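Colleague: Here the protein sequences come in this chain order: D and R. Mapping of the first sequence onto the working numbering: position 321 corresponds to residue 302, and the numbering continues sequentially without gaps. Each position in the second sequence, counted from 1, maps to that position plus 8 in the working numbering.
Treat the hints as calculated values from the structure; they're not laboratory data. Each hint should be verified, as a subset may be incorrect.
[Said to hold, decoys possible] Result set (PhoX-like, lysine-lysine): computed pairs, CA atoms no more than 20 Å apart in a straight line:
no., chain 1, residue 1, chain 2, residue 2
1, D, LYS371, R, LYS116
2, R, LYS234, R, LYS150
3, R, LYS463, R, LYS474
4, R, LYS159, D, LYS336
5, D, LYS368, R, LYS116
Since the structure is predicted, the reported quantities are computational estimates derived from the model, not experimental observations.
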Amino acid sequence: MSDILAMTAVAARQALDNKSISAVELTEAYIKAGQDTAENNAYVLTTPDKAIDMAKASDARIAKGDAGLLEGIPIGVKDMFCTKGVETTASSRILKGFVPTYESTVTQNLWQDGAVMLGKINCDEFAMGSANETSAFGAVINPWTASDGPLKGKALTPGGSSGGSAAVMAARSALLAPGTDTGGSIRQPAAFCGLVGLKPTYGRCSRLGIVAFASSLDQAGPITRDVADCALMMTSMASYDKGDSTSIDAPMPDLMAALTKAKNEGVKGMRIGIPDEYTIDGMPEQIVTLWEQGRQWLEDAGATCVPVSLPHTKYALPAYYIIAPAEASSNLARYDGVRYGQRVDGATLDEMYAKTRGAGFGDEVKRRILIGTYVLSAGYYDAYYIKAQKIRRLIQNDFHQVFSGVDALLTPSTPSAAFALGEEDKDPVSMFLNDVFTVPANLAGIPAISVPAGLSSDGLPLGLQLIAPALREDTLIEGAAMLEKAAGFNHVASGAAS
Amino acid sequence: MTDVSSLVEGRTGKWEVVIGLEVHAQVSSQAKLFSGASAAFGAGPNEHVSLVDAAMPGMLPVINQFCVEQAVKTGLGLNAEINLFSIFDRKNYFYADLPQGYQISQYKQPIVGEGSITITLADGSTRDIGIERLHLEQDAGKSMHDQHPSKSYIDLNRSGVALMEIVSRPDMRSAEEAAAYVSKLRAILRFLGTCDGNMEQGSLRADCNVSVRRPGEELGTRTETKNLNSIRFIAQAINSEVARQIEIIEDGGTIDQETRLFDTSTGQTRTMRSKEDAHDYRYFPDPDLLPLELDAAWVETLRQSLPELPDALRTRLMDEFGLSAYDAGLISEDRDTAAWYEAAAAGRDAKLVANWMTVELFGALNRMGLDLADSPVRPDQLGQLVERISDGTISGRIAKDVFAIMLEDGADPDQVIEEKGFKQVSDTGAIEAIIDTVLAENTDKVDEYRGGKDKLFGFFVGQVMKASKGQANPGVVNDLLRQKLNG
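Go ahead and model the full structure; you've got the sequences and the hints to work with.
Modeller: Next comes the structure, spelled out in structure tokens:
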């Protein structure tokens, strides 16, 4: 059994193709792994019968020689993706009982390629959070534990908002997990759980059928065990979709070829920028050391690393926490109790709205709706929303300028390793700081990847981030493959199923 | 500049009325503005609702290119500037029939900028009314509060239907001008085929902004009366609002800037919500939609392919057919009427055809409660009738009798003339015989006439026509009578 769960998706695909294992066997192993690690609270809904049916269909296609890119691979779907006939709640009380009659384009792409659905995965409510603590289903527990230090013996956060997705990957209760990333929601949990997480170029993955948080920032992407799985899954998830007006009609570079190229040639000739502004006050020494180590690995593999400046970086977080809530305040207006989800009756329409939304949304969602409503209000719009948009443009320009001289940027993924659950949620601003390295890529709409690069002194995973120009996911895969090889990260979470 | 003729007399002197209109015109289109659902009128509740229209989670709007084309055509028809770059914004407010919690509209950068249209008033004078802008937006659904004692029902068929909001400059100075503006705008939209203009179905609605001021002074505070769905109501609402405002100011009060509703049963307006209750709509660019960018060459192609519009048609009717401005105005009000006229007038006395159409035919259709499309008389039949007057086969008076029969059974005029023996008698021998008889029977009057009582000439004509049962050619009768009486 442990051999089955230890396989990456690429390895499992080979095993399925050469019939050394069946899709049903693989799926059954993951269903059991989910049951064995249920205390993580990562699955909000399991669909074992559906999974077995899909696995049987995969076995039939494999037998016919009709296997798709992800044929027979069991995946757990973040609860932000609408799944036809399967309850979808965005981990919010307000959507309790909502069963979509439609499938998101991204999950449709995954099913089309033969993936098998294990169930729906916990996340921060409407993907608003960095610790998976805002979920109506309760917090998710990170399968990783500290081996030493003050965090030893404490339940840790898997990060957020795709905390459940990272947790099922680290717990080996899913073989692949699609996440969504608005300000770091794929990369930060991936870093906290020793996984690879890629946020592609804005527009690569269709947003159609994904519950919206902040439309101009939301992007779906893969959370995987290694870079090869990431390349595989990204290839399946991405598509041009006429149903999403912001979808990009540009072919995805051949990511599997990028992987091969990195294996054969290293990153010879690649120019990597090290942005000065990503050195922040109070950053733990081991993060600085890891970053320096990453630079060394890339240079050893043939890259040239140069210091670069992204002067407006320090404004990214404040701008993000204006733009994202502004869009969210409008996007979440549709949850009014009139047509679907939960309703709390009232004597008047306004009272019904107030009661429904008061009971349906959690504190963090309410906080962001209030912030968003405020910054869009008459008299504040220019001072907040417009100014934030101007900063966003300046940040885009910063990236545009540095990318005329370098192929990618190397930064830490997060300013710390995973922290204990329940400790940081009293101060929302310190929680927002988790996103400091990840938010700029969302504001600029450019792709970024987090790769596990080492362990903290407490034995917790740490990640390094590569950021590339728009549409250059291939550069990310090349660089990430190189970092992965050099780091040789082969640690497994103590809470992983076996 | 103050147009003295339209000033309103109050107790304390003259007032100038200032009117601006916001017209919501439903785009003629099979599908809605951002979804593929049908935009047709008249379906059962919630039969034309897509996942996007119902704002299901994760649903996204995709612009309907045809609606964009319709808006651009309309802009061109209004002689307006077409903005090659425009932006869709979200107008945020909560209401049960607004599923998204916002309306997708265009705020700061609309698809169409400044233009103008020329209106014609009853006295034949014309005025140019400025258009400030035209923008595309979604309609909301419909709340029904009368279906259940304690619940409201929602019909989302209209949710997401494409509307053009056409905003005028505050250039109108009377209810008559406002009515003429809406008529003209509706005619242009219908000629373009971009809105069917059916006000009773709600395809065309107007919000009226009205204020009054002393001539030459600063603009007064305005009120906005919402959702007027007939031209008559627009005029009534404006007149009642003008009277109300003048009375308040003359009594020493001030006008509150507010939104008002028109009560069709009383013909008065009443407060809907005051300025303090006005929404903060928190407009911002819709992040689900890219800016709308148009190709200049494509716009030019649309410009070249525009159909003939009411003004051009009116001018052509005057130039080509010699019609008066008034008749040309009546006939060019809609394209079907003009086409009907042109079919009837081809090769005939065009002015006479216009006369018959606007007076006899329109009068008859009005009495019968019929539209021109349902007229029992076809254009070629009216043309033939006029031709028979022109060629002397029948007199104008007899033609009315023929026309009455045509209206009843849709018969051809030649057939009626033949069957009823209406053919005019122009044979001088036959008419002379009748004249001789009439003169012989009225020798006293003949003497009086010859003694200088000229007015009796009409009496003789009448007697001859009567004796001929109206079929004698009046010209021939006149000539022969004159010869015989004077000779």
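Colleague: Decide, hint by hint, whether the structure agrees.
Modeller: Taking the hints in turn, this is what the structure says about them:
Between LYS371 of chain D and LYS116 of chain R the CA atoms are separated by roughly 17 Å; this keeps the pair inside 20 Å, and the hint holds. A hinted pair counts as satisfied when its Cα atoms are at most 20 Å apart, and LYS234 of chain R with LYS150 of chain R qualifies at roughly 16 Å. A C-alpha spacing of about 18 Å is found between LYS463 of chain R and LYS474 of chain R, which places the hinted pair at or below 20 Å, so the restraint holds. A distance of roughly 17 Å separates the Cα atoms of LYS159 of chain R and LYS336 of chain D; the hinted pair therefore holds under the 20 Å criterion.
Restraint check: the Cα-Cα separation between LYS368 of chain D and LYS116 of chain R comes to about 17 Å, which is no more than 20 Å; the hinted pair holds.
Violated hints: none; the structure is consistent with every hint.
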